[in-house]
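Engineer: Chains A and B supply the protein sequences, listed in that same order. Just remember that our numbering sits 1 ahead of the position in the first sequence, which is counted from 1. Just remember that our numbering sits 3 ahead of the position in the second sequence, which is counted from 1.
Be aware that one or more of the hints could be misleading.
[What the hints assert, rightly or not] Covered, in the sense of this in silico footprint (three residues per stretch, anywhere, with C-beta under 8 Å from a C-beta of chain A), are these stretches of chain B:
(1) 10 to 18
(2) 46 to 55
(3) 74 to 87
(4) 117 to 129
(5) 133 to 146
(6) 182 to 196
(7) 224 to 233
Hint data in this document are derived by calculation from the structure and do not stem from the laboratory. The beta carbon of each residue, even a glycine, is placed where N, CA and C say it ideally should be.
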Amino acid sequence: MPFSRHQIAERAAREIRPGSIVNLGIGLPTLVADYLPNDHDVWFHSENGLLGMGPFPYDGDEDPQLINAGKQTVTAVPGGSFFDSALSFTMIRGGHVDLAILGAMQVSESGDIANWAVPGGRTMGIGGAMDLSCGCRRVLVLMSHRTKTDEAKLLRRCSYPLTARGVVNRVITELGVFDVTDAGFELIECAPGVTPEQVRQATDADIRLPA
Amino acid sequence: MSGRHRDKVRADAGAALSDLFDGARIMIGGFGLCGNAEALIAGVVASGAKDLTLISNNAGNLGKGLATWLQAGIVGKVICTYIGNNEDLHRLMATGDIDVEVVPQGTFVERMRAAGAGIPAFYTPTGVGTVVAEGKEVREIDGRDYVMERALAADFALIRARRGDRFGNLRFWRTARNFSPVMATAANLTIAEVDELVELGDIDPDDVHLPGIFVHRIVEVRDHEDPFEYKTVRPRPGESKDGRQEGGDAV
Numbered sequence: 002m003p004f005s006r007h008q009i010a011e012r013a014a015r016e017i018r019p020g021s022i023v024n025l026g027i028g029l030p031t032l033v034a035d036y037l038p039n040d041h042d043v044w045f046h047s048e049n050g051l052l053g054m055g056p057f058p059y060d061g062d063e064d065p066q067l068i069n070a071g072k073q074t075v076t077a078v079p080g081g082s083f084f085d086s087a088l089s090f091t092m093i094r095g096g097h098v099d100l101a102i103l104g105a106m107q108v109s110e111s112g113d114i115a116n117w118a119v120p121g122g123r124t125m126g127i128g129g130a131m132d133l134s135c136g137c138r139r140v141l142v143l144m145s146h147r148t149k150t151d152e153a154k155l156l157r158r159c160s161y162p163l164t165a166r167g168v169v170n171r172v173i174t175e176l177g178v179f180d181v182t183d184a185g186f187e188l189i190e191c192a193p194g195v196t197p198e199q200v201r202q203a204t205d206a207d208i209r210l211p212a
Numbered sequence: 004m005s006g007r008h009r010d011k012v013r014a015d016a017g018a019a020l021s022d023l024f025d026g027a028r029i030m031i032g033g034f035g036l037c038g039n040a041e042a043l044i045a046g047v048v049a050s051g052a053k054d055l056t057l058i059s060n061n062a063g064n065l066g067k068g069l070a071t072w073l074q075a076g077i078v079g080k081v082i083c084t085y086i087g088n089n090e091d092l093h094r095l096m097a098t099g100d101i102d103v104e105v106v107p108q109g110t111f112v113e114r115m116r117a118a119g120a121g122i123p124a125f126y127t128p129t130g131v132g133t134v135v136a137e138g139k140e141v142r143e144i145d146g147r148d149y150v151m152e153r154a155l156a157a158d159f160a161l162i163r164a165r166r167g168d169r170f171g172n173l174r175f176w177r178t179a180r181n182f183s184p185v186m187a188t189a190a191n192l193t194i195a196e197v198d199e200l201v202e203l204g205d206i207d208p209d210d211v212h213l214p215g216i217f218v219h220r221i222v223e224v225r226d227h228e229d230p231f232e233y234k235t236v237r238p239r240p241g242e243s244k245d246g247r248q249e250g251g252d253a254v
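Produce the entire structure from the sequences given, and follow the hints as far as they go.
Structural biologist: This is how it looks when you write it as structure tokens:
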């Protein structure tokens, strides 16, 4: 059985080291926070100017001026802080954020990521995606293995407009966990019941197994 | 002759915007609809100024905020980082009636920071190898490629703060701060819309988020809509809605 969306998030939570600063992208990555242990000691960064982001507020406590980068109402945990966007991107671009967990449309075997535009599609904009991709110390991508129209998303080269070159360290899809190495994608873990051969058939790039 | 730091307080948004002109480049603080200077945004439409360059993270959303400028047809160019589902902007882009420059968010704010700090250009790793770097100088420094980005300045900055005094010292609220303090440094004339105008000294010097040197006009506006873009909540454990108490565990 391939991983469900929630199992991808649960697996991704195991990538987070206690005592680290983490930025969660919009969509699937936001689910990851639900799977951390209570004493995780992880500080979530939101690029609109919040370090120490907490869960959604209790009904009635929501403040329209306390939001995350997806413009959802959130809370700040004790020890949290607010700051302007220049300082927020100093944290990101300056390499002070330990881990970015991002969604993507395509990832190449050299670690290129495309997650902001589809050729011929509606222009949605860049937001913080380019800065997060190239500034955070480690980049973990969570995504479906293939598109809704059954096209591969792990590729030799990305065909969509790039967000950043050579930045992705690890990818988790419903089929397994992949490291981006100097020799391309390495399948370090298969989802339960999924075989490396099935992964290869679903991927438009070489898949190596760990030596 | 008075210096520019006397008599900054104005009675209303219209008076604060009296120097606005056609073709002005205007920075507007806010992350989407969060932290918008609502009265100043409405005041710009009411002023009749047109052919404006709108410099803001989002250019409004849900038909609100800066989307009202798009609806009024007073914007010739938008410099922003994210469009999302801003239907007013998509409609103008589809008909070719507007020029849109999309900038990575960190580059967007750093370009303004540079302008405010007297730095004409800088090198950043963000955007190297992407469309953002096309037509720009790319330079290798210590083994890594960087793209040169130019400073971004404006004629006006319209910002919102929680509290302000008559010198223009400001204190922001939660994530409504975002781009506002940086925009204030990068504009020729910065107008602050404050929820509460307080006496000099009421904001402790250690608690001033933006010193008044960067603010040239102040208008107090007590009532704001502050719309939610995406209101997300969770149920309070073991408590009915009727038994809700003030506060909670949020800061």
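Engineer: Against which earlier hints does the structure fall short, listed by number upward?
Structural biologist: 1, 2
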